[in-house]
Amino acid sequence: MRQLGLGLAMAAAGLAMALQAARADEELPIGVVAAQSGSFVSAGNTIVGAANLAAQQINDAGGIKVGDKTYKIKLYIRDNRTDVNVSIAAARELVNDIGVKAIWGTETHDFSVSMAKIIGPAKVLQFSGNSSLGAVLDDTAVADDGWLHYTFQSEPQEWQRSGSTAKGVLSLLTPQLKSPPKHSVVFVGNDATGQYLSSHYVKALEAEGQKVDLVQYPPDTTDFSPLLTRIKGMKPDIVHFWYNGDSTLTAFPQALKLGVAPSYFLFGVDPGIYQERSLKADVPVTLSCVPVCWGSSPYPEVKQYFEKYFGLGAAKGPQSSVSLLYYDYFFWYAKALEKVGKIDDPDAVVAELLKSDYKGVVSPVPLVFNKHHQVTFATEVCMVEPNTSDQFKCAVEQPPAAPPPGDNGG
Amino acid sequence: MPMTDNSAGKIGAAPEGARARDRLALLTADNAAVPLPASVQAITAILLAALLIALPWLGLGYRFLSIAITTLYTAIGLYGLGLQFGQAGIMSVGHAALMGVGAYASAILSVQLDLGFWTSLPFAMALSAIVGGVIGLPTLRVGGQHYIIITFCFCALFVIVLTNGGTFTGSATGLDVGSVTPLPGINFDKLSNNYYLVLAALFLALAATHLIGISRYGRTLRAIRENEQLARSVGINVDLHKLGVLMVSGLFAGLAGVLQLYYLRHISPTLFGAFPSLYLALMVMLGGARYLYGPLIGAVIVNFLPEVLNLDPVDSRIAYGVCLLLVILLLPGGVGAGIKNIYCAIAGGSVTQGGGANGRA
Chain A
0 MRQLGLGLAM AAAGLAMALQ AARADEELPI GVVAAQSGSF VSAGNTIVGA ANLAAQQIND
60 AGGIKVGDKT YKIKLYIRDN RTDVNVSIAA ARELVNDIGV KAIWGTETHD FSVSMAKIIG
120 PAKVLQFSGN SSLGAVLDDT AVADDGWLHY TFQSEPQEWQ RSGSTAKGVL SLLTPQLKSP
180 PKHSVVFVGN DATGQYLSSH YVKALEAEGQ KVDLVQYPPD TTDFSPLLTR IKGMKPDIVH
240 FWYNGDSTLT AFPQALKLGV APSYFLFGVD PGIYQERSLK ADVPVTLSCV PVCWGSSPYP
300 EVKQYFEKYF GLGAAKGPQS SVSLLYYDYF FWYAKALEKV GKIDDPDAVV AELLKSDYKG
360 VVSPVPLVFN KHHQVTFATE VCMVEPNTSD QFKCAVEQPP AAPPPGDNGG
Chain B
0 MPMTDNSAGK IGAAPEGARA RDRLALLTAD NAAVPLPASV QAITAILLAA LLIALPWLGL
60 GYRFLSIAIT TLYTAIGLYG LGLQFGQAGI MSVGHAALMG VGAYASAILS VQLDLGFWTS
120 LPFAMALSAI VGGVIGLPTL RVGGQHYIII TFCFCALFVI VLTNGGTFTG SATGLDVGSV
180 TPLPGINFDK LSNNYYLVLA ALFLALAATH LIGISRYGRT LRAIRENEQL ARSVGINVDL
240 HKLGVLMVSG LFAGLAGVLQ LYYLRHISPT LFGAFPSLYL ALMVMLGGAR YLYGPLIGAV
300 IVNFLPEVLN LDPVDSRIAY GVCLLLVILL LPGGVGAGIK NIYCAIAGGS VTQGGGANGR
360 A
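Each protein sequence line maps, in turn, to chains A and B. When we follow numbering that gives the first Met the number 0, the leftmost residue of the first sequence carries the number 0, and every step to the right adds one. When we follow numbering that gives the first Met the number 0, the leftmost residue of the second sequence carries the number 0, and every step to the right adds one.
What the hints contain is simulated information worked out from the structure, not anything from laboratory work. Heads up, some of the hints might be wrong.
Cut-off 25 Å, straight-line C-alpha distance, at most; resulting in silico cross-link-like pairs (SDA-like, lysine to any residue) [what the hints assert, rightly or not]:
no., chain 1, residue 1, chain 2, residue 2
1, A, Lys100, B, Ser178
2, A, Lys116, B, Asp188
3, A, Lys116, B, Phe167
4, A, Lys116, B, Pro183
5, A, Lys116, B, Pro181
6, A, Lys100, B, Gly58
7, A, Lys73, A, Ala347
8, A, Lys181, A, Tyr75
9, A, Lys116, B, Ala41
10, B, Lys189, A, Leu176
11, A, Lys116, B, Leu108
12, B, Lys189, A, Leu52
13, A, Lys116, B, Pro275
14, B, Lys189, A, Lys181
15, A, Lys370, B, Gly177
16, A, Lys116, B, Glu306
17, A, Lys73, B, Gly60
18, A, Lys73, A, Leu52
19, B, Lys189, A, Lys71
20, A, Lys116, B, Asn192
21, A, Lys116, B, Leu239
22, A, Lys231, A, Leu176
23, A, Lys73, B, Glu306
24, A, Lys71, A, Gly312
25, A, Lys122, B, Pro275
26, B, Lys189, A, Pro28
27, A, Lys116, B, Ile327
28, A, Lys234, A, Leu257
29, A, Lys116, B, Asn186
30, A, Lys116, B, Trp56
31, A, Lys122, A, His371
32, A, Lys370, A, Ser388
33, B, Lys189, A, Ile97
34, A, Lys73, B, Leu59
35, A, Lys116, B, Leu198
36, A, Lys116, B, Ala155
37, A, Lys256, A, Asp144
38, A, Lys100, A, Asp67
39, A, Lys116, B, Leu277
For reference, chain A alone in the conformation it holds in the complex (with noise of 0.2 Å):
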């Protein structure tokens, strides 16, 4: 009797301790919606991958304090198959079902406009890595009743990223050449994101001294070999693969077969890819990433991440620094939550994370939202010595101050 006593006595101190521990630790619902199967896959799994590994090292740091609480991430994450009808079926549950504070992504444009006009009503915020989201990203839409008012673009404007981007590839390419290049083709995808993307880079071309012509390939393209051949007769100096780095994973070695060009850049291909893939051309190559390369950074915070982002079993693809869109934005959320003191205020979250700067990972220099919701920093440009594979020589362009003559911002 004495010990069933005693048996009670500590199963009932055991379950007083848990109640406290669950009252110390509240959780904070956050939503994930990316295409974890279907054709944007490779760029849905990164978002999957950083918004797990900022969880953990959050919830692992010991949580967020906000007030006299403290809250654990309780990540939500929803394959929206690569389906517009089931990212915003994925959104609504997210959001009056579930509940959750903020949602991150997805990974298009057209998906995440169609779920910001669901989560922005309901006050949810949003993260997203959508760099055309700066076309409808203006002062009406972000003002306070603007439905894209909870969202944020995780990614900098176009025209910041084409200028830093056209100033690397010139600055990498030009020592290269016999003469000086002049005339540039750019090689893209035509869709959504490809005429959004590269009509900021034209111009940055432009602004550079090029005279450049714009190619566009239908989506879904494999056989590129036509394309090319005409490209070849335009005799241009350098063939900007823009914007897809599947695509131009497929189109490249076909460009190369066709001797195209005397030089090229990759856009989004990642010099790990590179390497790995056991690339090789006679003529010199760039490449960029978005944001940041995983194969060949610079920055220590990088490597550091990437050693961790891979440790969690995420693939290395073309996509994979892809993450670094995602990731540092957790953190940003969390110190913007402390600051405000409570979690049901998503008004003051928003003007917190608009006067406030955070210094992570995907920049050296403090991030800081502009007024129209998006970040600025800078790109990773590198070169592969010709004939190798692994030779590369990276340098990091800062953006222009001032779009280009011609290119309106966003």
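Starting from the known structure of chain A, arrange chain B on it as the hints suggest.
Okay, now just chain B, sitting in the frame of chain A:
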């Protein structure tokens, strides 16, 4: 070799026009097949309507309701495809583009002229109907696989035009619209109200399909489907009826497209390309184009199967392919036919494969 069959002799003895009419009657009678008892039809309709009306109250969550809305507006588009394929025998693999005509017409009217949902709806439906008729013009000269290829080309061309349409079509980025203009006391931003709006449109589509199915017009379409030459020989204006049903189909597609636009509130060309069109064709074949509830069944299968079985897009496509093969081999009339067969087996009635051509099964 002379025909010795008695019935053939009788037909041969009749005047040419009467003989053709008799043969036509036989054909349509065959295809009218086993209409279910009126009481069964009424009970089915009431139960289905009750289930659909009660859906938001069943506590299934917003995710379920969102996918239900997608299913319903898809089904509305499918009812148009069901009419042209199930009743008139004209298959299309470019139907998503016709939905896109409605969606884009409404979006452009919203962006350019600030017309809201209710005002733009009739214009968008009318334009879809006209485009449906224009695409249908080749059916007067070619049919079968030739027309299917034409619809596929239209679909590809439509996407190219939208993608390169500049600010007018929003190019590849697409166009954005606001919410459905509220009615007194009804705000369509609320998901359940949006659901009921789409459900009301579905009921209209169902009612129109049913009325067409049991009408003389429906019988005429079926006569054209079964034997175009014969139908022409008895004085049916086949060309006019073909164009007519394609325009009616366009009306349905336009309605579905506008509902899709105001549900997503953002559209882009990829929504109306080849893949969505093929999925629509798949859905109508899976569900059964000749059955009143066939398109709805097809939409439910394709929209909910990945949810229920947690299939990724690749697995889903494999599953759809297997389902389609099974349906072609075992249930040429679609799952709708299968359900009817099961009912008839239980009730002890006779079953005709692919029946229900009167649209009341």
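For each hint, the structure was consulted:
| no. | hint | in the structure |
| --- | --- | --- |
| 1 | A:Lys100 / B:Ser178 | holds, 23 Å |
| 2 | A:Lys116 / B:Asp188 | holds, 10 Å |
| 3 | A:Lys116 / B:Phe167 | holds, 22 Å |
| 4 | A:Lys116 / B:Pro183 | holds, 23 Å |
| 5 | A:Lys116 / B:Pro181 | holds, 17 Å |
| 6 | A:Lys100 / B:Gly58 | holds, 22 Å |
| 7 | A:Lys73 / A:Ala347 | holds, 22 Å |
| 8 | A:Lys181 / A:Tyr75 | violated, 50 Å |
| 9 | A:Lys116 / B:Ala41 | violated, 40 Å |
| 10 | B:Lys189 / A:Leu176 | violated, 61 Å |
| 11 | A:Lys116 / B:Leu108 | holds, 20 Å |
| 12 | B:Lys189 / A:Leu52 | violated, 35 Å |
| 13 | A:Lys116 / B:Pro275 | holds, 23 Å |
| 14 | B:Lys189 / A:Lys181 | violated, 56 Å |
| 15 | A:Lys370 / B:Gly177 | holds, 23 Å |
| 16 | A:Lys116 / B:Glu306 | holds, 23 Å |
| 17 | A:Lys73 / B:Gly60 | holds, 20 Å |
| 18 | A:Lys73 / A:Leu52 | holds, 12 Å |
| 19 | B:Lys189 / A:Lys71 | violated, 31 Å |
| 20 | A:Lys116 / B:Asn192 | holds, 16 Å |
| 21 | A:Lys116 / B:Leu239 | violated, 44 Å |
| 22 | A:Lys231 / A:Leu176 | holds, 17 Å |
| 23 | A:Lys73 / B:Glu306 | holds, 23 Å |
| 24 | A:Lys71 / A:Gly312 | holds, 22 Å |
| 25 | A:Lys122 / B:Pro275 | violated, 32 Å |
| 26 | B:Lys189 / A:Pro28 | holds, 23 Å |
| 27 | A:Lys116 / B:Ile327 | violated, 41 Å |
| 28 | A:Lys234 / A:Leu257 | holds, 13 Å |
| 29 | A:Lys116 / B:Asn186 | holds, 15 Å |
| 30 | A:Lys116 / B:Trp56 | holds, 24 Å |
| 31 | A:Lys122 / A:His371 | holds, 17 Å |
| 32 | A:Lys370 / A:Ser388 | violated, 42 Å |
| 33 | B:Lys189 / A:Ile97 | holds, 17 Å |
| 34 | A:Lys73 / B:Leu59 | holds, 22 Å |
| 35 | A:Lys116 / B:Leu198 | holds, 22 Å |
| 36 | A:Lys116 / B:Ala155 | violated, 29 Å |
| 37 | A:Lys256 / A:Asp144 | violated, 54 Å |
| 38 | A:Lys100 / A:Asp67 | holds, 18 Å |
| 39 | A:Lys116 / B:Leu277 | violated, 28 Å |
Violation of the numbered hints given earlier is confined to hints 8, 9, 10, 12, 14, 19, 21, 25, 27, 32, 36, 37 and 39; the remaining hints are satisfied by the structure.
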